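Student: Protein chains in written order, with our numbering: chain A, 48 to 355; chain B, 789 to 1095.
These aren't lab readings, by the way, just hints derived from the structure by calculation.
Values in this document were obtained by computation on a predicted structure and should not be read as measured data.
Think of the CB as a built atom: it goes at the ideal place given N, C-alpha and C, for glycine as much as any other residue.
Wrong hints could be hidden among the right ones.
Stated by the list, open to error - Only part of the chain A face toward chain B is listed, based on derived beta-carbon distances under 8 Å:
1. S94
2. D192
3. L241
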Amino acid sequence: MGLFDKIKKGLQKTSDAVSRSLDAVFAGFVTIDDDLLEELEEALILSDVGAANAAKIVMEVERRAQRQNVTSALELRYVLKDTLLDMMLDNQPLDVSGKPAVVLVIGVNGVGKTTSIGKLAARYVGEGKKVMLAAADTFRAAAADQLEIWAKRAGADIVRHGEGADPAAVVFDSISAAKARGSDVIIIDTAGRLHNKANLMNELAKIDRVIARELPDASRETLLVLDATTGQNAVHQAEEFNKVAALTGIVLTKLDGTAKGGIVIAISAGLGVPVKLVGVGEGLDDLVDFDRSAFLEAVLPPLEGGIS
Amino acid sequence: MAFEGLTEKISSAFKGLRSKGRLTEADVKDAMREIRMALLEADVNFKVAKDFIKAVTEKATDAEILDSLSPAQQVIKIVNEELIALLGGQTTRLTIAPNPPTIVMMVGLQGAGKTTNCAKLAGLLRKQQQRRPLLVACDVYRPAAIDQLKVVGRQLDITVFDEGQGDPVEIAKHGIDHAKRNGYDLVFLDTAGRLHIDEKLMDELKNIKAAVTPTEIILVVDAMTGQDAVTVSQTFDQALGINGVLMSKMDGDARGGAALSVKAVTGKPIKFIGTGEKLGDIEPFHPDRMASRILGMGDVLTLIEKA
Ligand SMILES: Nc1nc2c(ncn2[C@@H]2O[C@H](COP(=O)(O)OP(=O)(O)OP(=O)(O)O)[C@@H](O)[C@H]2O)c(=O)[nH]1
Ligand SMILES: Nc1nc2c(ncn2[C@@H]2O[C@H](COP(=O)(O)OP(=O)(O)OP(=O)(O)O)[C@@H](O)[C@H]2O)c(=O)[nH]1
Ligand SMILES: [Mg+2]
Ligand SMILES: [Mg+2]
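Using the sequences provided together with the hints, build the complete structure.
Tutor: Rendered as structure tokens:
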């Protein structure tokens, strides 16, 4: 199943999914008036794009509608889709071309870092790559055990130290081991940390420096994992993590649950960090490349027999 | 940065009110618009925010208030008081069963903080009320979930009952039997994270409930949750009849508007907050502190005094 189908499946289960509330807005009106625009703004806020973003989007939609002489509510639906498409960054796949390539995975507690790493490892192993996982979450109870189970499922190697060990030392060792064994990709699991905790953020900066020092020429991805259920705080998370380790992409998890995903738009449009991967379940293959058109198709599917 | 801007907005709305000797209905409505924006940026559910603003505006535009000696002070007070009331008014405790053991079932979305916080709660009640807690490992799905519970149990020196990857309903039953036989008077069931839309797994929770009749079902909600908090908590409540809520990850800088949404739609009290990853990081919930936090002010009360 592609992203489109998975999200659509999720949307069907959620009665107040953004697509449905947006469709209700467009179905409720024939012409474009203030009430329609207000309801559109409400629907966008309910999908977690944020109040300020919602106002901005509606203003832009209105401006385009005037310029293009769009007068019917149905046509406005397509104006909205185009507007959102233009606001989101282009699709960008992960770059793991170097050998070894390094993927550093970071984020706040419980968002889905370890699970996403398991899925990503499975993908690369499936492509014939030799994958090394680094269990640099030495803090959370049984974090390394959890990663080890994923390593087995995916068919990846793992480097782990004891509980409470220095995470930077785990990273250092995993890089040495990867060099020795000729691994293609190193994926580093880190402990969940809240972005307002300076000491934990410094620890992350240290990990970042170890990678830069040990593998100065490696292709690097630094992925921030965000839970799609998160509200406006996600934007703040992205800003703060970006300060200690330059982000190259976002992994948006649990999109199978809320299927609102308005935060995708807030992040992609507002932060300039592309969403690269999307988590749509707890299984090994529930990770797909983000595709903004497919995402918008799922949110605003083409109407049956309708105009386009 | 987004947050400081918001705080400024709110205080400027309040300042706007303070600078006027007399208030008109329009003045109040302007201020309410700012407060509504603040609530939305704090992730209070859109519909909840709308109802709240409506109720407060009605009270605040009452002639008696507008004509009073310090109308601005009155309006601000109303906003704060209504928010506190909506958040439940006072601190609510965990119910203890008249006949032991007290059974607490922890439920919620994936990664919300169930496992960590059931250990924290067990530790807290052992210390405060000299209870003998037992943790029961009913999450048979998540990789290393049982190991995780065992580790936190060991850290607190609290016994963990597990039967490996068996049937969660049977494990719950056996866990309760084990507690009864061995004199544990407080049992926590750590269930697997699940989506509210996953019917099969929601049925599993219903079956556990039917099998062991928990004293309390606690929904664990991440303080960072957005607009969906309403649907999630409503669905869990409708399926299970939850007794209360634990808000986790309050040590972050999220405004925690989800708290208001959850309370408003389920009517169930928020009983505890999780304030860190360490096993002592748990506190009772205080509605007044939460109100200040959602409004984005360190201390709303000082503002009221200054008004
Ligand atoms: N439904 C759903 N659940 C997910 C998804 N990704 C992860 N999860 C679940 O979310 C929970 C947390 O996932 P983890 O991978 O442990 O999260 P983490 O970020 O590593 O957590 P910490 O290391 O504790 O900070 C687990 O129960 C996962 O099964 C997803 O895309 N969809
Ligand atoms: N900062 C902070 N982290 C917390 C808090 N409560 C839990 N966590 C962290 O959040 C992450 C997820 O917590 P868990 O207890 O594993 O959550 P869960 O609901 O059991 O997750 P699943 O079983 O996968 O559904 C872990 O990294 C915890 O350490 C809290 O109050 N503050
Ligand atoms: Mg992890
Ligand atoms: Mg758990």
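Student: Does each hint hold? Answer for all of them.
Tutor: Going down the list of hints, with the structure as the test:
1. S94: 7 Å, holds
2. D192: D192(A) check passes; min Cβ-Cβ to chain B is 4 Å, inside 8 Å.
3. L241: 4 Å, holds
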